[in-house]
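Chemist: In order, the protein sequences belong to chains D and B.
Each residue of the first sequence is one higher than the last, beginning at 1 in my numbering.
Each residue of the second sequence is one higher than the last, beginning at 1 in my numbering.
None of these hints come from the bench; they were simulated from the model.
Please note: incorrect hints may appear among the correct ones.
Stated by the list, open to error - Result set (DSBU-like, lysine-lysine): computed pairs, CA atoms no more than 30 Å apart in a straight line: (1) B:K63 x B:K97; (2) D:K50 x B:K163; (3) B:K163 x B:K321; (4) B:K321 x B:K41; (5) D:K50 x B:K177; (6) B:K299 x B:K152; (7) B:K290 x D:K50; (8) B:K293 x D:K50; (9) B:K244 x B:K163; (10) B:K117 x B:K184; (11) B:K224 x D:K50; (12) B:K41 x B:K117; (13) B:K244 x B:K184; (14) B:K117 x B:K224; (15) B:K41 x D:K50; (16) B:K224 x B:K184; (17) B:K163 x B:K177; (18) D:K228 x D:K200.
As the list claims (entries may be wrong) - Take a look, some chain D residues computed to stay more than 12 Å from chain B by CB distance: (19) A78; (20) G115; (21) G142.
Idealized CB from N, CA, C, for every residue including glycine.
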Amino acid sequence: MMSNTTNEAMASPTSRKKIEMKYFINKFGALLGLVLLTITLSILTPNFLKIDNIMNILRQSSINALLSMGMLLPILTAGIDLSVGSILALSIVVTGITTVGLGWPPILGLFICVGVGMLAGLINGLLLTKLRLPHPFISTLGTMNVYRGLALIITGASPIFGFSYLINFTGQANVGFVPFSFILVIVVAVIFHVFLTRSKTGRYIYAIGGNKEAARLSGIPVDRVLLKVYMISGLMAGLGGLVLIGRTNAASPIAGLTYELDAIAAVIIGGASFFGGVGTVWGTLIGAMIIAVLRNGLNLLGTSTDLQTVIIGLVIILAVYVDVLRRRSK
Amino acid sequence: MKKVYGVFLLALIFILGACNSESSNEEQETDGTPTGEQEMKIGVVLMSLNSEYWKIHEAGAKKAASDLGVSVEVLGPAEETLYEEQVRMVEDFISSKVDGLVVAASLPEAMLPALQKAHSQGIPVVLADANVESFEDRVTFIGTENYDAAFKGGEYAASMLEKGDKVLIIRGQMGAKVHDERTKGFEEALHELGVEFIVQDAQSDRMKSVNIVENTLTADPNIKLVFATSDEMALGAYTGMSNKGVTNIPIIGFDGTPDGLDSVQQGQLTANIAQDPFQMGYLAIESAVKAKKGETVEKRIDSGSEVYTKENVEQRIEDLKNYLGK
Chain D
1 MMSNTTNEAM ASPTSRKKIE MKYFINKFGA LLGLVLLTIT LSILTPNFLK IDNIMNILRQ
61 SSINALLSMG MLLPILTAGI DLSVGSILAL SIVVTGITTV GLGWPPILGL FICVGVGMLA
121 GLINGLLLTK LRLPHPFIST LGTMNVYRGL ALIITGASPI FGFSYLINFT GQANVGFVPF
181 SFILVIVVAV IFHVFLTRSK TGRYIYAIGG NKEAARLSGI PVDRVLLKVY MISGLMAGLG
241 GLVLIGRTNA ASPIAGLTYE LDAIAAVIIG GASFFGGVGT VWGTLIGAMI IAVLRNGLNL
301 LGTSTDLQTV IIGLVIILAV YVDVLRRRSK
Chain B
1 MKKVYGVFLL ALIFILGACN SESSNEEQET DGTPTGEQEM KIGVVLMSLN SEYWKIHEAG
61 AKKAASDLGV SVEVLGPAEE TLYEEQVRMV EDFISSKVDG LVVAASLPEA MLPALQKAHS
121 QGIPVVLADA NVESFEDRVT FIGTENYDAA FKGGEYAASM LEKGDKVLII RGQMGAKVHD
181 ERTKGFEEAL HELGVEFIVQ DAQSDRMKSV NIVENTLTAD PNIKLVFATS DEMALGAYTG
241 MSNKGVTNIP IIGFDGTPDG LDSVQQGQLT ANIAQDPFQM GYLAIESAVK AKKGETVEKR
301 IDSGSEVYTK ENVEQRIEDL KNYLGK
């Protein structure tokens with residue numbers, strides 16, 4: 001699948017320099033934003049650029065980073081997964097019930113946490129491809145409520161505490177002074193990058209996002225690919241849940257409320273298009289970092305949450321506007 | 001497109017700059033009292049900043065700060081359910097090297113790792129409103145003795161009830177300790193009288209409470225009294241009754257928020273078991289400052305409670321108005 005920018009470069013060879021600039025902004029706009037944001041914040045607050053705080057940000061960004069990499073796949077296919085926050089909650093409470101409540105071995109808990117996520121994602125995929133619900137916005141809006149409700153029912157609405165070290169490890173441990181959860185994010189990002197750019201399924205995902213009907217006609221097994229897409233998205237929610245357990249030593253059925261919105265925001269800020277077919281893992285990762293850096297910096301500045309929400313909203317609007325401009329300039 | 005980015009970044013930098021000057025102004029205000037040493041900064045993380053209860057708490061904290069010549073910064077998530085965001089706020093305060101922390105954790109046990117981190121970096125931690133039992137290194141826990149307060153409310157309710165009467169209790173989140181204690185205190189005060197309880201979970205939500213009251217009254221019109229473990233739910237109960245045209249069932253609320261007290265004055269609620277968030281916020285800052293200076297602080301401080309009825313509610317409403325600067 002060719003990216004839009006290469007198309008542009010071939011179409012209008014008149015002002016090369018301008019195109020190079022455009023290409024640069026498309027490719028590195030979000031990164032540039034992150035760098036400028038970092039510089040600004042380090043001038044405004046002396047504690048921002050300290051090692052301690054940087055590790056803090058990496059740790060704080062990891063849950064959203066995992067969720068948003070998962071979210072990238074549905075968005076690449078011009079879909080969406082609104083249920084990731086609820087999947088996260090369901091995964092962690094099932095992990096809690098089995099390992100803390102029933103005393104199952106913790107090592108099993110690790111698989112349960114991502115497994116429940118994957119299963120929930122599979123159901124999302126089946127609703128979309130087998131029941132032919134018109135748009136994943138609707139099917140995942142439904143399961144968002146179903147999974148959340150299930151999490152509340154099976155726990156009697158109360159949180160579970162007291163996880164073993166093995167389960168807490170992912171979210172709690174440091175390797176040297178680097179949070180393990182961030183290393184996990186990087187490893188997952190590399191896998192995702194290879195998957196999306198080198199594997200057949202990866203290229204199919206972009207193709208489906210580019211034009212679903214054309215993809216179907218050219219023999220791409222669209223349904224099977226979509227099934228995988230939502231399974232991976234669910235799996236990543238489970239993995240994010242594992243990090244959340246470690247960070248708080250708790251599994252609450254109300255965990256992950258509104259996380260889907262942060263994940264969507266990170267994907268969009270990272271330059272992916274809501275219309276599908278455009279977006280990268282690295283962009284998404286930078287999107288997640290921008291959100292984390294903004295939240296952290298604004299907290300250090302003592303800004304009220306209300307104003308933080310406004311600022312993050314403005315960043316999202318800008319990112320979408322950039323996408324609109326990009327499409328218009330085609 | 002470059003322009004768009006440029007304009008936006010400028011706007012962002014401007015906003016951030018404004019935030020910064022805002023917070024430094026605040027610090028200057030409290031600079032008035034000479035301390036002789038570098039000014040102490042206390043970070044406060046509340047369950048949310050959007051309800052009047054927490055605004056009064058904040059007002060108490062700010063009053064203490066100006067009395068003691070220290071600066072405070074108050075943060076809290078948009079919703080009480082966003083407990084992980086609270087954890088992030090505590091971590092961020094640790095990063096910005098505050099001299100003391102006051103934390104009101106909405107999911108107490110989940111806050112433990114962050115509190116331990118603060119303690120390991122030598123930051124004294126005062127817990128307010130909700131205790132984190134497993135965090136033994138706390139300076140103190142300041143909060144309402146919920147059981148005692150609800151017991152007082154139960155004793156008041158006893159005067160309106162007879163043996164065998166049915167009482168509806170609308171409570172917050174099952175398993176949440178505060179609501180457990182409030183439910184238990186109220187029930188045990190009425191234990192001897194021998195009334196029957198119907199307990200429903202409305203998760204501290206006003207709308208859910210409306211529905212529960214409507215449904216319960218439909219199923220069982222014989223309810224003699226309603227006790228809600230928070231004002232939001234008590235006000236929801238009133239709405240639910242009005243919707244059904246019921247006016248003769250007394251409602252007792254819990255919290256003492258301005259809304260809750262107003263509705264006592266207007267006769268919508270019969271009584272309100274009021275906590276004292278202003279006092280809580282004040283004492284928390286005071287204790288954090290004491291701990292930082294190396295003075296001893298009691299391990300448990302009761303911030304007090306009172307049952308308000310039509311007879312004594314007016315004075316309290318005046319006081320709260322003053323706290324909120326209205």
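Chemist: If a hint holds in the structure, say so; if it does not, say that too.
Modeler: Against the structure, the hints:
{"no.": "1", "hint": "B:K63 x B:K97", "in the structure": "holds (22 Å)"}
{"no.": "2", "hint": "D:K50 x B:K163", "in the structure": "violated (66 Å)"}
{"no.": "3", "hint": "B:K163 x B:K321", "in the structure": "violated (40 Å)"}
{"no.": "4", "hint": "B:K321 x B:K41", "in the structure": "holds (27 Å)"}
{"no.": "5", "hint": "D:K50 x B:K177", "in the structure": "violated (38 Å)"}
{"no.": "6", "hint": "B:K299 x B:K152", "in the structure": "holds (24 Å)"}
{"no.": "7", "hint": "B:K290 x D:K50", "in the structure": "holds (28 Å)"}
{"no.": "8", "hint": "B:K293 x D:K50", "in the structure": "holds (26 Å)"}
{"no.": "9", "hint": "B:K244 x B:K163", "in the structure": "holds (26 Å)"}
{"no.": "10", "hint": "B:K117 x B:K184", "in the structure": "violated (34 Å)"}
{"no.": "11", "hint": "B:K224 x D:K50", "in the structure": "violated (61 Å)"}
{"no.": "12", "hint": "B:K41 x B:K117", "in the structure": "holds (18 Å)"}
{"no.": "13", "hint": "B:K244 x B:K184", "in the structure": "holds (28 Å)"}
{"no.": "14", "hint": "B:K117 x B:K224", "in the structure": "violated (50 Å)"}
{"no.": "15", "hint": "B:K41 x D:K50", "in the structure": "holds (19 Å)"}
{"no.": "16", "hint": "B:K224 x B:K184", "in the structure": "holds (19 Å)"}
{"no.": "17", "hint": "B:K163 x B:K177", "in the structure": "holds (28 Å)"}
{"no.": "18", "hint": "D:K228 x D:K200", "in the structure": "holds (13 Å)"}
{"no.": "19", "hint": "A78", "in the structure": "holds (23 Å)"}
{"no.": "20", "hint": "G115", "in the structure": "holds (22 Å)"}
{"no.": "21", "hint": "G142", "in the structure": "holds (21 Å)"}
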